[in-house]
Amino acid sequence: MSRIGKEPVAIPDGVEVSLDDGVITVTGPQGTLTQEIHPDITVTIADGEIVVTRPDDEREHRALHGLTRALIANMVIGVTQGYQRNLRIVGVGYRAEAKGSDRIVVQVGYSHPVEVVAPEGVTLTVPTPTRIEVRGADKQRVGQVAADIRAIRRPEPYKGKGIRYEDEHVRRKSGKAAIGA
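The numbers in my numbering rise by one with no breaks, and the one at position 65 of the sequence shown is 48.
Worth flagging that the hints you see were computed from the coordinates, not collected in a lab. Certain hints may be false.
Using C-beta positions, here's what the derived DEER-type ranges look like [claimed, not checked]:
#, residue 1, residue 2, range
1, 78, 42, 47 to 53 Å
2, 85, 43, 35 to 41 Å
3, 158, 110, 32 to 38 Å
4, -10, 113, 37 to 43 Å
5, 36, 8, 37 to 43 Å
6, -5, 157, 49 to 55 Å
7, 42, 123, 20 to 26 Å
Pairs of lysine-lysine residues, derived as PhoX-like cross-links and limited to a Cα-Cα distance of at most 25 Å, are as follows [to be verified]:
#, residue 1, residue 2
8, 122, 82
9, 144, 156
10, 142, 159
11, 122, -11
12, 156, 142
13, 144, 82
14, 122, 142
Since the structure is predicted, the reported quantities are computational estimates derived from the model, not experimental observations. Ideal Cβ positions, reconstructed from N, Cα and C, are used throughout, including at glycine.
Turn these sequences into a full structure, and let the hints guide you.
Structure below.
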């Protein structure tokens, strides 16, 4: 049995969970999230817990079992606490500027500033010109927006300039090696 899949997901106070026609909906203080459930996987809601079960031990069902439970757990955490990814901008003259809660303008060495518009449910904040915070209830959407911002100018290995995650370590390369001597 899947070690992740067999764990029940606790429903905290203030969170409403409903299941209709293979679609689970989780509503909480941070918003509402929905997820379609694979038809072979069974989800039951009882006694303040969500339990995910699978029909047999086939490889696909074992994979879907843990995946479904993890997605539901992420939804519950998202509507209660939310998710956040922090990005750091490194480089002389590189900076970001907020234009409201859903758009930022990033200047990272191109001939023009790059404007980033956040999708619905994601907020972008710029506490300092070299930091960007991406927040939202949907873990996948927050991660994708952060990855899209990072892709504007990935950190390069020689000087380390670019946009990186707050906890990311960039492996540096040495420059040209002297020949002879």
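**Item:** Violating hint indices (sorted, rising)
**Value:** 5, 14
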